[in-house]
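Participant: If you want the building blocks of each chain, they are given just below.
2 protein chains.
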Amino acid sequence: MSFEPPFADKSEQDETDQLRPQFNADGLIAAVAQDVETGEVLMLAWMNETALRATIETRRGTYWSRSRQKLWIKGETSGHVQDVVEVMIDCDQDAVLLKVRQTGGACHTGRKGCFYRTIEPDTLNLSKT
Amino acid sequence: MSFEPPFADKSEQDETDQLRPQFNADGLIAAVAQDVETGEVLMLAWMNETALRATIETRRGTYWSRSRQKLWIKGETSGHVQDVVEVMIDCDQDAVLLKVRQTGGACHTGRKGCFYRTIEPDTLNLSKT
Numbered sequence: 001m002s003f004e005p006p007f008a009d010k011s012e013q014d015e016t017d018q019l020r021p022q023f024n025a026d027g028l029i030a031a032v033a034q035d036v037e038t039g040e041v042l043m044l045a046w047m048n049e050t051a052l053r054a055t056i057e058t059r060r061g062t063y064w065s066r067s068r069q070k071l072w073i074k075g076e077t078s079g080h081v082q083d084v085v086e087v088m089i090d091c092d093q094d095a096v097l098l099k100v101r102q103t104g105g106a107c108h109t110g111r112k113g114c115f116y117r118t119i120e121p122d123t124l125n126l127s128k129t
Numbered sequence: 130m131s132f133e134p135p136f137a138d139k140s141e142q143d144e145t146d147q148l149r150p151q152f153n154a155d156g157l158i159a160a161v162a163q164d165v166e167t168g169e170v171l172m173l174a175w176m177n178e179t180a181l182r183a184t185i186e187t188r189r190g191t192y193w194s195r196s197r198q199k200l201w202i203k204g205e206t207s208g209h210v211q212d213v214v215e216v217m218i219d220c221d222q223d224a225v226l227l228k229v230r231q232t233g234g235a236c237h238t239g240r241k242g243c244f245y246r247t248i249e250p251d252t253l254n255l256s257k258t
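Chains as they are written, first to last, in the numbering used here: chain A, 1 to 129; chain B, 130 to 258.
The hints are simulated quantities; they were obtained by calculation from the structure and are not laboratory data. Quick caveat: nothing in here was measured; it's all calculated off a predicted structure. Careful: at least some of the hints might be erroneous.
Claimed, not checked - Quick list of the computed label-pair ranges, beta carbon to beta carbon:
(1) A:F3 <-> B:F132: 19 to 25 Å
(2) B:S207 <-> A:E12: 18 to 24 Å
(3) A:S65 <-> B:E141: 19 to 25 Å
(4) A:I73 <-> B:E205: 38 to 44 Å
(5) A:S78 <-> B:R230: 32 to 38 Å
(6) A:T58 <-> B:E205: 38 to 44 Å
Stated by the list, open to error - Straight line, CA to CA, 25 Å or less: simulated SDA-like cross-link-like pairs of lysine to any residue:
(7) B:K139 <-> A:K10
(8) B:K257 <-> A:D14
(9) A:K128 <-> B:E169
(10) A:K128 <-> B:K257
(11) A:K128 <-> A:T118
(12) A:K112 <-> A:G39
(13) B:K139 <-> A:V81
(14) B:K199 <-> B:N177
(15) A:K70 <-> B:E178
(16) A:K10 <-> B:D143
(17) B:K257 <-> B:R240
(18) A:K112 <-> B:A159
(19) B:K139 <-> B:E178
(20) B:K139 <-> B:P150
(21) B:K241 <-> B:H209
(22) B:K257 <-> A:T109
(23) A:K10 <-> B:A159
(24) A:K128 <-> B:R240
(25) B:K199 <-> A:G105
(26) A:K10 <-> A:P21
(27) A:K112 <-> A:I73
(28) B:K139 <-> A:D14
(29) A:K70 <-> A:G39
(30) A:K70 <-> A:C107
Idealized CB from N, CA, C, for every residue including glycine.
Using the sequences provided together with the hints, build the complete structure.
Facilitator: As structure tokens, then:
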């Protein structure tokens with residue numbers, strides 16, 4: 001069953017209590033995962049409708065892999081699962097925020113999160129944190 | 130001056146200290162703004178190369194408005210500016226995370242942040258926080 005389409009009226013979309021996600025031209029919505037305890041932003045990935053629905057229903061972070069073009073249950077092979085405590089959606093419903101308990105690293109490099117480099121304003125080089 | 134292109138080798142891209150952002154087919158990169166004090170994820174928006182460069186150099190959150198198809202200095206009209214404390218980039222360099230001090234609301238609805246609704250797993254309705 002598909003979700004209802006977004007409201008054409010922007011403020012209706014902003015204030016509705018109905019889930020009416022806006023998927024992009026590729027059928028995807030951006031998803032940010034945040035550690036529910038520390039507040040660390042762990043990663044940004046993409047969900048199609050199936051992934052969003054699976055995440056909400058199974059409480060397990062589930063995405064769409066654009067590189068592999070398949071559903072991707074986070075931690076399915078690595079064991080680094082994401083237990084989803086809360087799924088939030090933004091004003092115009094084109095982005096979701098997952099509050100998660102992350103087992104192991106969320107990042108495929110093995111790090112806790114993917115945002116481990118800061119852009120230095122003077123040199124534009126990256127420094128690792 | 131354009132940024133250098135991403136490395137073809139994925140682990141080189143993950144570990145380099147060179148800024149080599151991956152823009153999507155529309156020339157955009159996803160940007161998450163997080164309150165540096167509270168950790169609240171305020172919003173998700175998009176930057177083109179000019180917006181990313183302006184954000185890094187001016188320390189003022191600057192985005193690309195997809196609806197208006199123009200550069201958008203956050204708070205330019207509303208006064209709700211974002212002072213950018215830190216700009217981070219993720220492993221494959223296709224998303225940035227801004228640590229910001231947000232004046233007023235980051236959300237156009239007047240709220241502090243855009244993620245003010247939770248998806249209720251049983252009903253799929255949204256509840257406001």
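Participant: For K257 of chain B and D14 of chain A, compute the direct alpha-carbon distance and say whether it is at most 25 Å.
Facilitator: OK: K257 of chain B and D14 of chain A at ~11 Å, within 25 Å.
Participant: CA of K241 of chain B to CA of H209 of chain B, is that 25 Å or under?
Facilitator: Holds, because 10 Å separates the two Cα atoms, which is no more than 25 Å.
Participant: Mind checking the alpha carbons of K139 of chain B and V81 of chain A for me, to see if they're no more than 25 Å apart?
Facilitator: holds, 23 Å
Participant: Would the hint linking K139 of chain B and D14 of chain A be met if the CA-CA limit is 25 Å?
Facilitator: Roughly 38 Å between the alpha carbons, so the hint for K139 of chain B and D14 of chain A is violated.
Participant: Tell me if the straight-line CA distance from K10 of chain A to P21 of chain A falls inside 25 Å.
Facilitator: holds, 13 Å
Participant: Does K257 of chain B lie within 25 Å of K128 of chain A when you go C-alpha to C-alpha?
Facilitator: violated, 37 Å
Participant: Within 25 Å, alpha carbon to alpha carbon, are K128 of chain A and T118 of chain A?
Facilitator: Since the Cα atoms of K128 of chain A and T118 of chain A sit roughly 6 Å apart, the hinted pair holds (cutoff 25 Å).
Participant: Hint check: K70 of chain A vs C107 of chain A, CA-CA at most 25 Å. Holds or violated?
Facilitator: Holds, at roughly 18 Å.
Participant: Is K139 of chain B close enough to E178 of chain B, meaning Cα to Cα at most 25 Å?
Facilitator: Holds, at roughly 21 Å.
Participant: Indicate whether the distance between the beta carbons of T58 of chain A and E205 of chain B respects the range 38 to 44 Å.
Facilitator: Roughly 42 Å apart at Cβ, these two residues keep to the hinted range, so it holds.
Participant: For the pair supplied as a hint, K199 of chain B and G105 of chain A, confirm whether the alpha-carbon distance does not exceed 25 Å.
Facilitator: It is violated: about 37 Å lies between the C-alpha atoms, which goes past 25 Å.
Participant: Tell me if the straight-line CA distance from K10 of chain A to D143 of chain B falls inside 25 Å.
Facilitator: Outside the cut-off at roughly 38 Å; violated.
Comparing the model with each earlier hint shows violations of hints 1, 7, 10, 15, 16, 22, 24, 25, 28 and 29; every other hint is respected.
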